[in-house]
Structures are given as C-alpha cells and as structure tokens.
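First to last, the protein sequences are chains A and B.
According to numbering that gives the first Met the number 0, the first sequence is numbered sequentially starting from 0.
According to numbering that gives the first Met the number 0, the second sequence is numbered sequentially starting from 0.
Treat the hints loosely; a few may be bogus.
Stated by the list, open to error - Below are the DSSO-like pairs computed for lysine-lysine, each with C-alpha atoms no more than 30 Å apart in a straight line:
| # | chain 1 | residue 1 | chain 2 | residue 2 |
| --- | --- | --- | --- | --- |
| 1 | A | K177 | B | K88 |
| 2 | A | K177 | B | K257 |
| 3 | A | K226 | A | K241 |
| 4 | A | K241 | A | K32 |
| 5 | B | K119 | A | K177 |
| 6 | B | K119 | B | K88 |
| 7 | B | K77 | B | K88 |
| 8 | B | K88 | B | K113 |
| 9 | B | K77 | B | K119 |
| 10 | B | K113 | A | K241 |
These are computed hints drawn from the structure, not numbers from a lab.
The primary structure of each chain is shown beneath.
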Amino acid sequence: MSADVLTPNVEVAAEAPRGSGFGRKAWAWGWPKLLAIGLVLAFWQVVYVSGWRPAYVLPSPATTLSKLWDMLGTERFWSAMQTTLTRAIIGFLLALLIGTIIGVLVARVRPLRLAVGSLITGLQTMPSIAWFPFAILLFGLTEQAILFVVILGAAPSIANGVINGIDHIPPSYLRLGKVLGAGTIALYRDIALPAAMPGYLAGLTQGWAFAWRSLMAGELLVIIAEKPSLGANLEFARQFSKAPELLATMLVILILGMLVDGLFSSFSRRLRRRRGLAVD
Amino acid sequence: MSETAVSSDPVAVVASPSDAAPILRIRGVGKVFGSGPAATVALHDVDLDVARGEFLSVVGASGCGKSTLLNLIAGLDKPTSGTLEVGAKVAFMFQDATLLPWLTARQNIELALKLSGVAKRDRRARAEDLLATVRLDGRGDSRPHELSGGMRQRVALARCLAQDAGIVLMDEPLGALDAMTRDLLHDEIESVVRAQGLTVVFVTHNMREAIRLGDRVVLMGSHPGRILYDEDIPLPHPRQMDSTEVATRAASLTARLKAQGHTHVG
Chain A
0 MSADVLTPNV EVAAEAPRGS GFGRKAWAWG WPKLLAIGLV LAFWQVVYVS
50 GWRPAYVLPS PATTLSKLWD MLGTERFWSA MQTTLTRAII GFLLALLIGT
100 IIGVLVARVR PLRLAVGSLI TGLQTMPSIA WFPFAILLFG LTEQAILFVV
150 ILGAAPSIAN GVINGIDHIP PSYLRLGKVL GAGTIALYRD IALPAAMPGY
200 LAGLTQGWAF AWRSLMAGEL LVIIAEKPSL GANLEFARQF SKAPELLATM
250 LVILILGMLV DGLFSSFSRR LRRRRGLAVD
Chain B
0 MSETAVSSDP VAVVASPSDA APILRIRGVG KVFGSGPAAT VALHDVDLDV
50 ARGEFLSVVG ASGCGKSTLL NLIAGLDKPT SGTLEVGAKV AFMFQDATLL
100 PWLTARQNIE LALKLSGVAK RDRRARAEDL LATVRLDGRG DSRPHELSGG
150 MRQRVALARC LAQDAGIVLM DEPLGALDAM TRDLLHDEIE SVVRAQGLTV
200 VFVTHNMREA IRLGDRVVLM GSHPGRILYD EDIPLPHPRQ MDSTEVATRA
250 ASLTARLKAQ GHTHVG
C-alpha cells in the first residue's frame, strides 16, 4: 500500500515536462510543492507502517485520501463548507470594515493613537480562543458568538496594517501632492491611499490568518444544531472515532487556508513588483 | 508694451529680463523653526526679486536655508516674518524625482494634469506630448523603477510642465546624477524652459552648474540663512560646464563665498 501512494509523486518528479515556456514555468513553480507533499505523505506512511498507533486512530494516507474523495461527493460536506466559508467571508468583511475605520482614526487622530494604539497591538497578542467563553456568555451558542470572535481576531491586525501603511507614507509624496495642487480628498484618493497599500495588504493577509484560526476555534466550541460546519465535522469525527474523516477534514481546512493566503500573497507580490520593491 | 513702443525703441526688445516687473518679490522674509532657546533661524531678512522668464541659480552650503526658501515660495510653509508675492502658479522639481511608484511614467504626468483641472479625455494625448517634449516618447508605460535616474528626472520635468506653472522651483534636481547624464539634462532643461518662457529658481551646491544655467547667481550663507551676494551672468547661452568663462566665474564666486567664511560643498 505504501508504494501505491508514494510512487506517483516520485515518478512525476522524474518526468519533468521540458516543453513549452508555460509548462516549464508551471513545473518550476510546482515541483517543490509536489516534493513537499510527497515527503509529508511518506513520513505519514512510515509512522503508519511502524504501528505506533492502531489504524483506527491513525489511518494511512491512502485511507484518508479515499475518505476525502468520498466526502467530496456528499451533500453534507458541501453544506458544511458553505456554512464555514460564509462565516469566514462575512467575519472577514466585517473585520475589514471595522479594522479599516479604527486604523484610519487611530493613525490620524493623535490623542486616539496615544490612548488605543498600544491596546490594538495588545489585542493582537490575545489568543482569540480565550474570547470564546465570554462570547458564549454574551451571545449564547449562536452565529453572533462566532462572528464576534472572528472580528476580534482579525480587526486588530487589519487596523495595525492601516496604521503601518499610513505611517510609512513617504512625506515627500504628500509634499508632492500639495505641490501638484491636490485638495484633501484628492490627497487621500490619489496619493495617501495608494501609498499606504503595501502595509494595508500585509495587515489584510495577517487578518485573514487570524480570522481563519478564530473561526475554526469557534466552530469547535460553538456547535449549532442542524448546522454542519467544517469545525463541527472535526468535533463529530472525534466523538465518533472516525479518524479518516477527521484527518480528511483537517486537510480541507489546511488547503482552504493556504489557498486564500496564496491569493493574498500573490496580490502583495504583484503590487510590490509593480512598484519595484523587494519581492520575497 | 504696445507695438509702437517696441518698434520705436528696439532696446526694449532685447532688454534683460530683470528690467521687467518681477514675477516673484520677496521682502524681509524670515523663518524660525521652533521657539524659545531651541529656536533655529533658517532664514533671516531675505530680499529677492526674480524677473519673469529669468533663470536664477541659488548656491550655498547645506543648512543655508535654500530648501526652506523654496518651500516658502511654493507655499508649503509660511514665513515667520516678511512678505512673498508670487505672481504665477508654482511647480516643483525635487532631488529624487519623487515619481509615484504605483503609476507609470505617463500616469504620473496625467495625475498632474488631472490635479490641474485638465479634462479626462485630453489627458492622455497631453501626457504623450509632454513625454515627447522631454524625449521620452515610447517610455510612457514604464514604471519609475524601470527608468534610469536621468529619465526619472525628465518625467519629473514633464510633470512640472503638465502643471502649466509660470515658476518652476528646482531643488538640486541633478545632484544624484552622473556627470554625463547631468550635462544632457542641462541642455534639456535649458531648451524646455526657454521654449515655454518659464521662470526658474534652481538650487544647487555646484557653482559651475549654477553658472552653466543661470542668468543670475545668488549666493547664500548659513547661520542664519541669508543672501550674501547676487551677480548677473551675462555669458551667452548655451554654456559649457567646463568652459574657461564658466570655470573662471565659478572660481571667483567660490572665493567670494570662502572670503565670507562660508565653505561651500561641491
């Protein structure tokens, strides 16, 4: 069984498509990732074969992947996915709105910065899961409790991104704006806003990571009846000792998080490259 | 000036620009930063007239208040005392070009057009024209970081022209360029400025550059920043940086600065 899972990856590595420019590019981008996935699966397989834990606790990669495939065919999975993604999007958008407004106010109003500037960074270091008991007390086991914590998790990072972005606007750009005759609105729209973009985008990326973590914590703790979600699926899989389902769901959570993060990084890379900034 | 006046008095036609009414009149201007014992006098009692169409070079060591003076003229800062009468719209060329990195060369120029109230449909063509004026046709889609230092300053020059200003302030715009690029840009700036009839206040700490370009050179001293000396340069244009006349005048003006205890940089 180990050979079944492992060989495909190794073979792909051996047969590098060296044809068109696009193919080569995709290959150059893809092979380190394929190799990493292959290594993880190999390690998993080795641990599985070693018999460290019984198979009903730690299933093999093959069992897990075939479970994942089955799951993708169920309506229950897609409805869980929909619930989770809807929460993620609404939570993130609300955090975006609140974080941006607070960020702009704190960056522009001096007394406000002195008062709450360090508080925002403090909030960022607070593990969002620690908010849940309080959120449940406030809102009960409801959507609001989850959203509350997602927003608290993401908004401080976004606000800090805005503050950073505004603080790092080169003063010479603002001077230029005045020389070009920009009024207050034009100064914001044409100069300050685009100049603050790299910092803002970094804040959004971090905000997303916090939102996603808070959401998963929330879905584990706040399980709403008749409403399947990825987090709830994890919890049910544990309670009913369905190890393959649990691991398959974890894979889905990992992949979703990575996809969105990849989206943010590609925005950020494109923006930095266009401006001739260092691209990491 | 009427037609008859010109024809009956040919001297008036070739009169030096300084005989006309000044476009820039500065009287008793002082600027103090801070207050109490920590106050710094950046400028002290500055009187200066600049005639319409004149190219004025300002030379002085760092800290002599050159940049402060430009900021006051541009209205970026208010004087502590004295008056400034600025008779035209002011454009500004900075040492580091200051092109916005998220815009292409053309968009940088279009932004200046937009903020000067040029209608949207006319901006693109105008920007292309201005790029051609500074001999950057075809580079409009380049991002600032893709252009050389000299090209960036040309875009900045085109952006100044886009503002349709009467006065252009240049704060050491060529200080960071290599000698050859700088010489090329001297020619460029000179021809563009003359063709458009612009008035220029050009700040530099390079005495030869000041004489290469200026109809007139003003020397500034520091602590406090003030005007030490003012001299017309009647040499014909275009001049060469390394010509004997320019070198001789540079040496004598440098000696004058040193005699007053102000060593100048460059």
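Tested hints:
1. For the hint linking A:K177 to B:K88, the alpha-carbon distance of about 13 Å falls within 30 Å, and the restraint holds.
2. Note on A:K177 and B:K257: the hinted pairing is violated, with a Cα-Cα distance of about 37 Å set against a maximum of 30 Å.
3. About 19 Å separates the Cα atoms of A:K226 and A:K241, which keeps this hinted pair within 30 Å; it holds.
4. The hinted pair formed by A:K241 and A:K32 meets the criterion: a straight-line CA distance of about 29 Å does not exceed 30 Å.
5. Straight-line distance between C-alpha atoms of B:K119 and A:K177 comes to about 20 Å, which keeps the hinted pair within the 30 Å bound.
6. Using a Cα cut-off of 30 Å, the hinted pair B:K119 and B:K88 holds, with the two alpha carbons roughly 21 Å apart.
7. Taking the CA atoms of B:K77 and B:K88, the gap is near 17 Å; set against the 30 Å cutoff, the hint holds.
8. At roughly 15 Å between alpha-carbon atoms, B:K88 and B:K113 fall within 30 Å of each other, so this suggested pair holds.
9. Between B:K77 and B:K119 the CA atoms are separated by roughly 33 Å; this puts the pair beyond 30 Å, and the hint is violated.
10. Taking the CA atoms of B:K113 and A:K241, the gap is about 64 Å. The hint is violated against a cut of 30 Å.
The earlier numbered hints that this structure contradicts are 2, 9 and 10.
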